[in-house]
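**Student:** Relying on the hints, combine the two individually framed chains into one complex.
Here the protein sequences come in this chain order: A and B. Just so you know, we're using numbering that gives the first Met the number 0 here: the first sequence kicks off at 0 and counts up by one. Just so you know, we're using numbering that gives the first Met the number 0 here: the second sequence kicks off at 0 and counts up by one.
Because the hints were derived from the structure by calculation, they are not lab data. Hints may be right or wrong, so weigh each one.
[Said to hold, decoys possible] These stretches of chain B come out as covered by chain A in the derived footprint (C-beta under 8 angstroms, 3 or more residues):
(1) 12-23
(2) 31-44
(3) 56-64
(4) 74-81
In this text, a Cβ means the ideal position worked out from N, Cα and C, and glycines have one as well.
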Amino acid sequence: MTTTIVWWLLAALTLAGAVAVITVREMTRLILALGVFLLGIAGLYAYFGFGLLAVAEIFVYVGGVLVLFLLAITVMGRDAEGRAIARRFDPAAATVSAGLAFVLVMALRPSPPASLPVSGVSVERTAAALLGPWLPHFEIVGVLLLVALAAALAIVGGGEDR
Amino acid sequence: MTTLVLSCLLVAIGLYGVLTRRDLVAILASVEVMLGGSSLLLVAYAAAGHAAPAGQGYALIVLAVGAAEAAIGIALLVALVRRGRTKIDEITEVRG
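Bound conformation, chain B alone (with noise of 0.2 angstroms):
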């Protein structure tokens, strides 16, 4: 119960953070909090005895989403660096 609760904070604290900070720095870091909080649910009820390998397995997968999605963020934040645009509020275009 302890972990599910500390969990559900982990990705409330994240979600907090995606929707008042502005930087998108800040947002990535935020969106890394909700994930890390998901998959330790995941491995909590895997550790708890159901079915551990897929358990760890979905884990696995989550923990590549991330660094992929990541990967992805990063660069979509350098080539608005270019244009001279960090805050979220600055973008406001869906164009390359």
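Same shape as in the complex, but just chain A (with noise of 0.2 angstroms):
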């Protein structure tokens, strides 16, 4: 019983973040509303006993992306302040967003996930995981992120318009 309003509960959390993320008008109130949904990510996954995951998830999206995202609109300048997002009620996008959330149910439906957690994973298991036969893809994401890094400084370091 504990568990099940737990989970409602981070749930609740979590959609409300994402519905505001689409629906608020100013840019610092996205980009809470964007933490707000984050938390509740990772509530869900601390829920399902990932323990690991939530604080990377709480590390790298609200300590490092959602910093990042209060980096741009502080770039934007004032024009970012308090600036009113324009907001208008799509039809045609939410048939589309509808639509995509039915075929994804009625597709994922046969295998469904449990909503109370079975069992989580241990660190070790997850360190034995990516440092075994996941090293691989443990090493092309780090080439990623560096490939990244790199394209983030070529983009905005160019002197151009400076």
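**Tutor:** So this is what it looks like as structure tokens:
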């Protein structure tokens, strides 16, 4: 009973953050809504027993990506402060999104995941997997991050417009 | 089943944001919502006993790729802001 209540609370927090991301009118509140959503996702990871993933989500997304977004609106300057984001309901987009959700649920329904935690994965098993059979994937992701860093510097550091 | 529905709802909500928002930061945030929904589904399958370490590994990879994508997106946003463009409608050329 308690675990079910916890799941519903975390799900409500995550959904509220996601809906706020697509509906709020101001930039700073959008970033805060994204933070709420990411914290809800981290909570759900912890609920399913994946503590390492939950902590990594908080460190990387809430601590890194969210700060990147804040940096972005700071770079935008005064235009971004309290700037209203155009908001209008688009029935076509809503239909496409609802259709996608329906198709995904129908396609994945034969093998639904459990809503109650069955078992988590220990940090030792995760490390053994990442440094064992998953080592090539782990290294490729590291290279990808390095390339992304270099690309970001190349994009931002262009001197033509300075 | 409820986690499946929640994940698919999150992906749909993120997609709606990507399709309707005009501001680049809002579009990037909506993409992050989609990524969060899909990785939640991976984690839920892993928790149900379907290759748990692999599920967590997939979710970690999605997390890393999402962070890289956000970094590139923000870099592009900063470059576009220097040219005075912040709305998706104003970006009409793919040129340095």
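**Student:** Each of the hints needs a verdict: does it hold here or not?
**Tutor:** These are the hints, each one checked on the structure:
no. : hint  : in the structure
1   : 12-23 : holds (count 10)
2   : 31-44 : holds (count 10)
3   : 56-64 : holds (count 7)
4   : 74-81 : holds (count 7)
Of the numbered hints stated above, none is contradicted by the structure.
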